[in-house]
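J.: Chain by chain, the residues run as shown.
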Amino acid sequence: MEIKTSEYRIWVEDAVIHYEGTMRLSGTEAYQPIMAMMNDVLESQPEEITLDLVGLEFLNSSGINLLARFTIEVRKQKSIAIAVKGSTRIPWQSKSLPNLRKLHPTLQLNFV
Amino acid sequence: MRKQVGNTGIISTFKAGSLRLTLFAVPLGLAWKHCGITSDFLGDFYSARAVRGSVDANEIRHNVCYLVNEILENAVKFRTSGDIVIETSLENGNFRLCIANTISKEGVLRFQDVLSGLQGRDPSELLIERIERNAADPNSTGSGLGLLTLMSDYSVQLGWDFHASSDEESTVQLATYAVLPLP
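Top to bottom, those sequences are chains E and S. Anchor point for the first sequence: position 95 equals 85 in this note's numbering, and the numbering is continuous, going up by one each time. Anchor point for the second sequence: position 170 equals 173 in this note's numbering, and the numbering is continuous, going up by one each time.
To be clear, the hints were calculated from the coordinates, so they are not data collected in a lab. Incorrect hints may appear among the rest.
So, partial list: chain S residues that the calculated Cβ filter (under 10 Å) puts toward chain E [unchecked claim]:
id, residue
1, E109
2, G110
3, L112
4, A138
5, L151
Result set (BS3-like, lysine-lysine): computed pairs, CA atoms no more than 27 Å apart in a straight line [to be verified]:
id, chain 1, residue 1, chain 2, residue 2
6, S, K36, S, K6
7, E, K75, E, K(-6)
8, E, K85, S, K36
9, E, K85, E, K66
10, E, K(-6), S, K80
11, E, K75, E, K85
12, E, K66, E, K92
13, E, K92, E, K75
14, S, K108, S, K80
15, S, K108, S, K18
16, E, K(-6), S, K36
17, S, K80, E, K85
All values reported here derive from a predicted model rather than from experimental measurement. Every residue gets a Cβ at the ideal spot worked out from N, C-alpha and C, and that includes glycine.
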């Protein structure tokens, strides 16, 4: 599974969802195809889902809402763990990703 | 009619030496691209004084870019017509921003209602509450997280100035002021 434009690329390998580039889509509706792809991974019921954001240089607040919504979807499924991999080099990640742990305290947040 | 909301202490005219840009009204899809291009440009512009490639330069570039992008996305989404005027400067180690555009009278009431809900509360709590509310509502379209992430995650101060030259006017001039502390 892959979604690719000139500005960003999202692809899935096993239960790891990789994000790369700059995402400033115009709202919840515009992010829907990406949410659908993430939900497909959730529906495959893996033990753990990883969001790999190390290559995601920029994400607007509607995109942060997407990550938060997905975190809440995973929270509803007690048997599925979630890990988020971020980069200390990318300022929005160290600022905003800790919010995901407030939503779901067992979420593993790792920075490289 | 004039009403100021939020951190009204930051609402003031810009000193000489500020940078002013005008974005002409264009169709929404193109205006959206202009948001990204403009915020990237201002991020690069204001980080140029820091050592290239340093942690500070990276932080300034990103933080300015995120702030401008969020306020500009709102301006593009909610403006009725006409230009968007962006004014920026560096003052006392802070990045200062003002983005001015017109909004509809109905938009004013809705927006002032949203803003009154932000007063006197901890923005990081409001952010989490808002995220939970968005997730519980399958029909929610706007995330409403722009202003909240700025206040909660970037320590941005925000103030809003609503101005209409007369009660008969169908549109209102909105100026959004922001102050971002820089490293």
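J.: Compare the structure with each hint and give your call.
T.: Now the hints, each set against the structure:
| no. | hint | result |
| --- | --- | --- |
| 1 | E109 | violated (19 Å) |
| 2 | G110 | violated (16 Å) |
| 3 | L112 | violated (21 Å) |
| 4 | A138 | holds (4 Å) |
| 5 | L151 | holds (8 Å) |
| 6 | S/K36 to S/K6 | violated (31 Å) |
| 7 | E/K75 to E/K(-6) | holds (20 Å) |
| 8 | E/K85 to S/K36 | holds (25 Å) |
| 9 | E/K85 to E/K66 | holds (25 Å) |
| 10 | E/K(-6) to S/K80 | holds (25 Å) |
| 11 | E/K75 to E/K85 | holds (14 Å) |
| 12 | E/K66 to E/K92 | holds (15 Å) |
| 13 | E/K92 to E/K75 | holds (16 Å) |
| 14 | S/K108 to S/K80 | holds (15 Å) |
| 15 | S/K108 to S/K18 | violated (30 Å) |
| 16 | E/K(-6) to S/K36 | holds (17 Å) |
| 17 | S/K80 to E/K85 | holds (25 Å) |
Taken one by one, the earlier hints fail for this structure at numbers 1, 2, 3, 6, 15, listed in ascending order.
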